[in-house]
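Undergrad: Heads up, the sequence shown is in the numbering used here, so the first residue is 1 and it goes up one at a time.
Worth double-checking, as some hints may not be accurate.
[Said to hold, decoys possible] Simulated pairs of lysine-lysine, DSSO-like, Cα-Cα distance not exceeding 30 Å:
| no. | residue 1 | residue 2 |
| --- | --- | --- |
| 1 | LYS433 | LYS273 |
| 2 | LYS318 | LYS273 |
| 3 | LYS433 | LYS47 |
| 4 | LYS47 | LYS419 |
| 5 | LYS419 | LYS433 |
| 6 | LYS419 | LYS318 |
Keep in mind that the hints were calculated from the coordinates and are not lab data.
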Amino acid sequence: INPTASALSAPGLTMMNAAFDTLAAFDQDGNWVPHLAQSFTASEDCKTWTMTLREGINFHDGTPLNAEAVSVNFLTQFSDPLVGLAVRPYYASAEEALTIVDDLTVSFNLVDSNCSFPSALTGQLGATASPTWLAAALEDPTLDQQPVGTGPFVFESRTEDSVTKFVRNENYWGGDVYLDAIEFYPVTDSAVRTQLLLEGELDALTTTDVESISRMAEEDSITQLFDDTGEESFLMLNSASAPFDDIRARQAITHATPRDNYNTLINLDVTTKADQMFTADSPYFNEDVVQLSDRPDLAGPLVDAYCQDNPDNCTGGKIDIEYQYSGPSVVGERTADLLVEGWSDFFNVEVQVLPQDQHIQEAAFGLYNSIGWRQFGAVNPGDDRTWLLCRAIGGISLNWPRYCDEDRDALILQADAAKTVEEKTPLYQELSKMINEEYLYVFYNHTLWTHSLADGVENLCGVTTLEGVEMRCQVNGRTFFQSTFFAE
1 INPTASALSA PGLTMMNAAF DTLAAFDQDG NWVPHLAQSF TASEDCKTWT MTLREGINFH
61 DGTPLNAEAV SVNFLTQFSD PLVGLAVRPY YASAEEALTI VDDLTVSFNL VDSNCSFPSA
121 LTGQLGATAS PTWLAAALED PTLDQQPVGT GPFVFESRTE DSVTKFVRNE NYWGGDVYLD
181 AIEFYPVTDS AVRTQLLLEG ELDALTTTDV ESISRMAEED SITQLFDDTG EESFLMLNSA
241 SAPFDDIRAR QAITHATPRD NYNTLINLDV TTKADQMFTA DSPYFNEDVV QLSDRPDLAG
301 PLVDAYCQDN PDNCTGGKID IEYQYSGPSV VGERTADLLV EGWSDFFNVE VQVLPQDQHI
361 QEAAFGLYNS IGWRQFGAVN PGDDRTWLLC RAIGGISLNW PRYCDEDRDA LILQADAAKT
421 VEEKTPLYQE LSKMINEEYL YVFYNHTLWT HSLADGVENL CGVTTLEGVE MRCQVNGRTF
481 FQSTFFAE
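All chains should be modelled from the sequences, with the hints used to inform the complete structure.
TA: Shown next as structure tokens:
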């Protein structure tokens with residue numbers, strides 16, 4: 001649980017929120033606000049951002065939060081082989097990236113204009129760790145599992161893949177913390193998770209599993225908090241290797257994908273189908289963007305033409321591909337079966353199941369054909385640049401499809417430099433159109449994240465900044481716990 005050296009997914013980010021605070025946070029309207037920071041000030045061109053920290057905050061080990069601590073965190077992230085991919089492309093060099101102004105003030109010196117830059121510091125890149133702990137963890141990587149931050153809870157113990165326990169930070173700078181302790185259990189079987197909550201063995205759970213969500217909706221004793229404005233679930237295609245380096249193969253699998261069956265049989269029609277990375281209630285939604293799935297009549301001619309030109313990549317008139325997903329997972333297996341059946345007239349599919357960490361590594365190294373994935377949905381859409389810009393392609397890549405479009409880059413950077421929703425709207429609508437026409441992602445649905453709380457668990461969404469600004473309760477499954485209490 002080291003935010004400077006780990007690629008944290010939703011469970012890791014949730015535990016991160018217990019031990020760490022972020023430099024900025026989102027309010028309920030999706031605007032960034034200072035959190036560990038006292039203030040942010042931008043230069044006129046939005047390329048230099050000066051951040052001043054709050055005074056008097058200490059890490060759990062007594063180390064003071066100051067500009068030097070921020071610098072150590074930033075440079076550790078900058079140099080990390082994987083985390084650094086989300087940092088290095090946006091600065092000229094490590095030496096020029098960050099300037100210490102005084103004991104509580106630093107300046108971030110960007111290559112490009114970014115008038116919403118602090119939003120990038122609301123998540124993992126803004127989670128600030130004790131520099132004393134970071135130095136020790138470099139010498140002893142097992143300490144990565146024993147996080148030391150400024151957060152509302154202090155690490156007590158961890159049995160990996162079993163339970164991680166944090167206890168209340170009695171000296172929390174952000175105000176009262178009500179729970180004595182919080183324990184996180186990674187229960188991979190959704191049915192077991194649900195039953196544990198209903199039997200009182202768990203007090204809360206976070207899930208995207210629609211069967212679990214539907215089951216708990218029937219229980220009067222369970223309170224559910226929903227959010228489908230974040231990530232999208234989709235099939236992702238590697239454009240850097242055959243067969244999906246050819247747009248005809250990408251178009252064919254898009255047309256052959258049984259999205260209606262997926263949303264009915266896998267998601268029970270609980271979630272909303274997605275054609276793009278914006279939901280219909282977003283100002284950036286482009287109503288003209290429609291993904292042509294469930295159109296096998298369009299797939300056949302494309303496959304025939306591809307196989308005629310690339311016979312070595314086809315067998316029996318069908319394109320040979322590999323489909324990879326993270327598992328073991330009952331839902332993942334059912335999804336694979338449904339997709340393979342839908343593609344069977346046009347593709348010969350070899351299915352590969354990998355543990356999540358290896359699954360992510362293979363995507364980063366480009367060692368896949370097609371892969372089940374979940375992404376996008378940043379509160380500030382500009383923060384999704386990490387997955388799209390040409391500069392994010394390398395030996396290790398966060399532009400997972402490894403697709404470079406300089407015109408798309410220019411559009412994203414133009415949106416970053418814009419200051420109002422009105423300026424950004426036509427740019428993001430055009431971005432959705434471009435992504436649709438590139439056939440790199442076969443969108444399934446907008447992910448429905450749900451926090452389910454047992455009877456008596458109250459005020460999960462009551463977290464505020466020191467200034468009293470109500471913070472956004474959840475971002476792609478990640479939430480806060482310092483305001484939560486048990487009703488008497």
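Undergrad: For every hint, state whether the structure bears it out.
TA: Verification of the hints:
| no. | hint | verdict |
| --- | --- | --- |
| 1 | LYS433 with LYS273 | holds (17 Å) |
| 2 | LYS318 with LYS273 | holds (28 Å) |
| 3 | LYS433 with LYS47 | holds (28 Å) |
| 4 | LYS47 with LYS419 | holds (13 Å) |
| 5 | LYS419 with LYS433 | holds (22 Å) |
| 6 | LYS419 with LYS318 | violated (49 Å) |
When held up to the earlier numbered hints, the structure conflicts with hint 6 and nothing else.
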